[in-house]
Each structure stands twice: as C-alpha cells, then as structure tokens.
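Participant: Below are the chains, spelled out letter by letter.
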Amino acid sequence: MSITVAAQALVKRYRDQEVVVEALRGIDLEVARGEFVAVMGPSGSGKSTLLHLLGGLDTPTTGEVLIDGRPLAGLSRTQLAALRRDQIGFVFQLYNLIPSLTVAENVALPSIAAGQSPGSYGERLDEVLDRVGLADKHDRFPPQLSGGEQQRVAVARALIRRPAVVLADEPTGNLDSHSGDALLDLFTRCHAEGQTIILVTHDSTVASAAQRVLFMRDGRFVEETELTPRGTDIVDLVQIEEPDPPALRTRAPN
Amino acid sequence: MIKFLLLGLLARRPRHGYELKTQFEKTFGGTWPLNPGQVYMTLERLEAAGLVTSKRVAQELLPDRRVYTITEDGRQELKRWTAEPSQGPIRIRDELYLKILTAVLAGQDAIGIIWTQRSSHMQALAELRAKRSDSSIDAATQLVLRGAILRTQADLKWLDLCEERLKEGDI
Numbered sequence: 409m410s411i412t413v414a415a416q417a418l419v420k421r422y423r424d425q426e427v428v429v430e431a432l433r434g435i436d437l438e439v440a441r442g443e444f445v446a447v448m449g450p451s452g453s454g455k456s457t458l459l460h461l462l463g464g465l466d467t468p469t470t471g472e473v474l475i476d477g478r479p480l481a482g483l484s485r486t487q488l489a490a491l492r493r494d495q496i497g498f499v500f501q502l503y504n505l506i507p508s509l510t511v512a513e514n515v516a517l518p519s520i521a522a523g524q525s526p527g528s529y530g531e532r533l534d535e536v537l538d539r540v541g542l543a544d545k546h547d548r549f550p551p552q553l554s555g556g557e558q559q560r561v562a563v564a565r566a567l568i569r570r571p572a573v574v575l576a577d578e579p580t581g582n583l584d585s586h587s588g589d590a591l592l593d594l595f596t597r598c599h600a601e602g603q604t605i606i607l608v609t610h611d612s613t614v615a616s617a618a619q620r621v622l623f624m625r626d627g628r629f630v631e632e633t634e635l636t637p638r639g640t641d642i643v644d645l646v647q648i649e650e651p652d653p654p655a656l657r658t659r660a661p662n
Numbered sequence: 735m736i737k738f739l740l741l742g743l744l745a746r747r748p749r750h751g752y753e754l755k756t757q758f759e760k761t762f763g764g765t766w767p768l769n770p771g772q773v774y775m776t777l778e779r780l781e782a783a784g785l786v787t788s789k790r791v792a793q794e795l796l797p798d799r800r801v802y803t804i805t806e807d808g809r810q811e812l813k814r815w816t817a818e819p820s821q822g823p824i825r826i827r828d829e830l831y832l833k834i835l836t837a838v839l840a841g842q843d844a845i846g847i848i849w850t851q852r853s854s855h856m857q858a859l860a861e862l863r864a865k866r867s868d869s870s871i872d873a874a875t876q877l878v879l880r881g882a883i884l885r886t887q888a889d890l891k892w893l894d895l896c897e898e899r900l901k902e903g904d905i
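Sequences listed follow chains A and B, in order. Everything in the first sequence is counted per this note's numbering, starting at 409 for the first residue and increasing by one. Everything in the second sequence is counted per this note's numbering, starting at 735 for the first residue and increasing by one.
Calculated from the structure, these hints are not laboratory results. For glycine and all other residues, C-beta sits at the position ideal for the given N, C-alpha and C. Don't take each hint at face value.
[Stated by the list, open to error] DMTMM-like mimics (lysine to aspartate or glutamate), calculated; alpha carbons at most 25 angstroms apart, straight line:
| no. | chain 1 | residue 1 | chain 2 | residue 2 |
| --- | --- | --- | --- | --- |
| 1 | B | K891 | A | E634 |
| 2 | B | K901 | A | D611 |
| 3 | B | K833 | A | E649 |
| 4 | A | K545 | A | E513 |
[To be verified] Here are a few chain A residues that face chain B, going by a calculated C-beta distance under 8 angstroms:
| no. | residue |
| --- | --- |
| 5 | P450 |
| 6 | T470 |
| 7 | D544 |
| 8 | S612 |
| 9 | T613 |
| 10 | L635 |
| 11 | P637 |
| 12 | I642 |
| 13 | V643 |
| 14 | L645 |
| 15 | V646 |
| 16 | Q647 |
| 17 | I648 |
| 18 | E650 |
| 19 | P651 |
Make the full structure from the sequences, and use the hints.
Facilitator: Put into structure tokens, the structure is as follows:
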C-alpha cells in the first residue's frame with residue numbers, strides 16, 4: 409500500500425512570551441492509502457498541532473510532512489493552497505460553514521475555489537450530499553440544520569474533491585452522542601469505500617471507530633493499538649448474568 | 735430471579751423445560767446462558783408456590799416430559815415484579831473497576847494499566863459496533879447489543895477520566 413501521509417521527526421516549538429513550548433517532540437508517522445487512523449490524547453498533548461502540520465495549515469520547526477509522497481516544505485504558497493484544496497479535506501469541531509450560503513454552496517466551495525463550473529461538479533455534489541444523507545437539504549442554510557447535519561455538510565465539503573486524505577479535528581466534539589455515533593458511522597463508511605482518514609480526539613469511544621489508534625502525550629506517540637473487528641460471535645462479546653437476589657439489601661418493611 | 739424469566743416465557747404459551755431453556759437462549763442470541771439444572775429446580779419451586787402447573791405428556795420412544803402452564807397467580811406475580819422499579823445501589827461488578835482501583839491502591843503504574851485496559855475495551859467496542867449491521871442478530875438481541883455498546887462506551891469514558899485525574903495528581 410502506498411503511503412498517503414507521512415511525518416518524519418516532526419518538532420514544533422512555540423514561543424509563548426518568554427517561555428518556549430515544545431508542542432511536538434519528534435513525531436514519525438506513516439498512514440497508508442485507505443487507512444483510518446485516530447490520534448488520541450488529552451488536551452495539550454499536541455494532537456491538534458500535529459493535524460495542522462499534516463494539513464499544511466502550519467509549518468514544523470524541524471522535520472517534514474509528505475502528502476502523497478510530496479514534501480510540503482518544497483511547495484510554493486500557490487502549490488500549497490492547491491494541495492490543501494485538492495488533496496486534503498478538513499473537518500473541524502465547529503463545522504466552519506458559511507451561514508449565508510446554502511448547504512449545496514458550502515459543499516461546492518472547494519470545487520468553486522478550484523475554478524470548476526457548476527456543470528462539472530454538479531454530479532459529484534449530488535453524490536456527496538447523498539452519501540452524507542442530506543440529499544433533501546440541498547437548499548437549506550446551515551442555521552436551519554441540527555449540529556449533526558451541519559457536521560455532515562462539513563464532511564461532504566471535505567470529500568467533494570476526492571482528497572487523498574480527510575483530516576478531522578474533534579469532529580464529534582460538539583455533537584450529542586447519537587449524532588456523534590451517526591458521524592462516526594459515516595467515517596466508517598467513507599473508510600470502507602477507500603478514503604484515508606486521520607481523526608484527532610481526546611475521547612476513546614470516538615477513537616474506537618478507527619483501525620489504528622496512536623496515543624499521544626506531551627508531544628510524542630507513547631502507545632499504539634490496532635483495532636480489528638474479527639467477527640467474533642456475539643456470545644463471546646456479551647454475557648448477561650443473573651443479578652444477586654435483592655435480599656442482600658432488604659430493609660424491614662415499616 | 736430466573737423464575738421471572740421463566741414465567742415471562744410461559745406467559746405466551748405452555749412449554750416443557752428444555753424448550754424453555756432453548757427458547758430463552760435463542761431470544762437473546764445466546765448472550766444469556768441458563769443452566770438446565772437451575773431451570774428444572776426453579777420450575778419445581780414455581781409449581782410448589784402455585785405460580786405454574788404441570789402435566790406429564792407421553793412421548794413415543796422417549797421418556798415422558800412435563801409441560802408447564804402459568805397460573806393466574808403466576809401472571810399476577812410476573813406483572814407485579816416487572817412493574818416494580820428496579821432499585822438499590824448501582825451494582826458495578828466489572829473486573830475493570832477492581833483492577834484500576836487496586837492499581838491505584840497499590841501505587842502501581844496505573845496509567846500503563848489504564849492503557850492496557852483501554853486498548854482491550856476499544857477492541858471490544860469496535861467488535862460490538864461492527865455487529866450492529868449483522869442481519870442474523872434478531873431485534874431482542876440487538877437491544878442487548880446496544881446496551882453492551884453503551885456500557886463499553888461508559889467504561890472507556892471512565893478510563894479517560896481516571897487517566898486525566900491521575901495525571902493531574904489528584905490521586
């Protein structure tokens with residue numbers, strides 16, 4: 409499998425007034441095409457910084473990021489903007505939709521930015537809206553939608569240009585658990601269809617949707633686990649037991 | 735407490751002991767296994783208490799079997815029990831809780847233990863989530879499955895919380 413996203417010895421230092429903060433202390437990462445990886449860690453562990461570097465939204469102090477084999481550092485500003493538009497789909501915690509544009513217009517933004525005409529992206533637009541279950545919400549405006557629906561619009565926007573990789577930063581962070589589960593199912597489906605996904609979260613129930621989970625702490629990967637549903641029989645997963653008789657705690661009736 | 739489960743099955747129609755056991759296990763996809771000895775002993779007690787009656791039915795080439803029927807008293811008792819709110823303290827019987835709390839008590843590297851436990855729970859959650867689309871799982875078993883998913887999610891959130899608190903040095 410070819411590597412879609414790679415990071416080599418990534419270090420990121422910030423200067424916060426007089427103090428130097430080392431957000432990333434040497435990250436090596438290889439994400440293969442079609443892989444679904446979750447990066448998990450508490451707030452302040454550096455996971456969002458990592459995602460921003462992978463997506464070219466920020467530059468590392470030292471080290472290198474490669475998307476589809478191309479080092480980001482070697483790109484001009486225009487090339488980087490084009491790569492972000494065409495190869496990377498972003499999904500953020502706060503959806504980042506434009507409230508005055510319709511659902512369809514929001515989703516089509518990356519295509520419009522790439523200079524495509526409505527005739528050339530129209531079919532793909534319908535396809536991604538259908539895929540996220542919003543085919544009937546084409547002409548609505550974001551404020552008319554639930555949080556879960558708004559996040560699905562953001563996913564459709566991230567997918568419209570068929571990017572090499574989708575980067576998601578706490579995508580379920582603002583959703584109730586039902587909408588959050590529906591969104592994870594959507595990521596699972598995208599993954600099954602071959603999309604590469606890197607998701608960052610502090611929540612291990614969210615990270616469980618991935619194939620591989622990397623645990624981050626203080627700017628480093630400290631642990632890694634592979635999650636592979638093996639089709640285990642339900643009786644080996646769940647067992648109901650008879651509770652103790654309530655007699656243990658009975659009190660004398662009045 | 736399995737007496738109520740057996741009354742529940744008999745509320746639909748009379749059945750013999752082995753059928754009760756197999757029907758019960760089938761309903762919940764095998765997630766709730768019953769011990770045959772326990773089934774027969776419970777049926778005897780139910781009969782002694784007047785909640786079921788039984789009669790011997792002859793079978794060709796096989797030993798006679800006993801078919802059980804719920805009585806009106808049995809129906810009332812079942813109704814009373816299911817309507818009664820389940821009460822008392824929340825019972826946490828999971829080994830996970832014992833392990834983490836013991837590691838904290840013992841001054842072990844609880845963070846490392848949390849990671850190990852979390853990986854296995856994440857694996858379990860991934861397996862359970864994958865089962866939701868398994869069409870061979872019937873509706874009653876799906877309810878059991880959903881319950882197991884929610885509980886596993888709660889345990890994972892608890893592990894995340896334990897890690898956070900341990901790192902803050904609260905413990």
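Participant: If a hint holds in the structure, say so; if it does not, say that too.
Facilitator: Cross-check of the supplied hints:
Our distance criterion of 25 angstroms between C-alpha atoms is met by B/K891 and A/E634, whose separation comes to about 19 angstroms. A hinted pair counts as satisfied when its Cα atoms are at most 25 angstroms apart, and B/K901 with A/D611 qualifies at roughly 16 angstroms. Between B/K833 and A/E649 the CA atoms are separated by roughly 20 angstroms; this keeps the pair inside 25 angstroms, and the hint holds. Pair hint A/K545 plus A/E513 holds up; C-alpha atoms about 11 angstroms apart against a cutoff of 25 angstroms.
The beta carbon of A/P450 comes within 6 angstroms of a beta carbon in chain B, closer than 8 angstroms, and the hint placing it at the interface holds. A hinted interface residue such as A/T470 counts as satisfied when its beta carbon comes closer than 8 angstroms to some beta carbon of chain B; here the least separation is about 27 angstroms, so the hint is violated. A hinted interface residue such as A/D544 counts as satisfied when its beta carbon comes closer than 8 angstroms to some beta carbon of chain B; here the least separation is about 23 angstroms, so the hint is violated. A cut of 8 angstroms between beta carbons decides the hint on A/S612: the least distance to chain B is about 4 angstroms, and the hint holds.
Checking A/T613 against chain B by beta carbon gives a least distance of about 4 angstroms; that is within 8 angstroms, so the hint holds. Residue-level restraint check for A/L635 holds (minimum Cβ-Cβ distance to chain B is 4 angstroms; threshold 8 angstroms). The beta carbon of A/P637 is positioned within 8 angstroms of a beta carbon in chain B (closest approach about 4 angstroms), and the interface hint is therefore held. For A/I642, the interface hint holds, since its Cβ comes within 8 angstroms of a Cβ in chain B; the closest pair sits about 5 angstroms apart.
The restraint placing A/V643 at the interface with chain B holds, with a minimum CB-CB distance near 4 angstroms, inside the 8 angstroms limit. Checking A/L645 against chain B by beta carbon gives a least distance of about 6 angstroms; that is within 8 angstroms, so the hint holds. With 8 angstroms as the threshold, the beta carbon of A/V646 comes within range of chain B, its nearest partner Cβ sitting at about 4 angstroms, so the hint holds. The restraint placing A/Q647 at the interface with chain B holds, with a minimum CB-CB distance near 6 angstroms, inside the 8 angstroms limit.
Satisfaction of the interface hint for A/I648 is found here, the shortest Cβ-Cβ separation to chain B being roughly 4 angstroms, below the 8 angstroms cut-off. At about 5 angstroms, the closest approach between the beta carbon of A/E650 and any beta carbon in chain B falls short of 8 angstroms, and the interface hint on this residue holds. Taking 8 angstroms as the C-beta contact cut-off toward chain B, the hint placing A/P651 at the interface holds, the least distance being around 6 angstroms.
When each numbered hint is compared with the structure, violations occur for hints 6 and 7.
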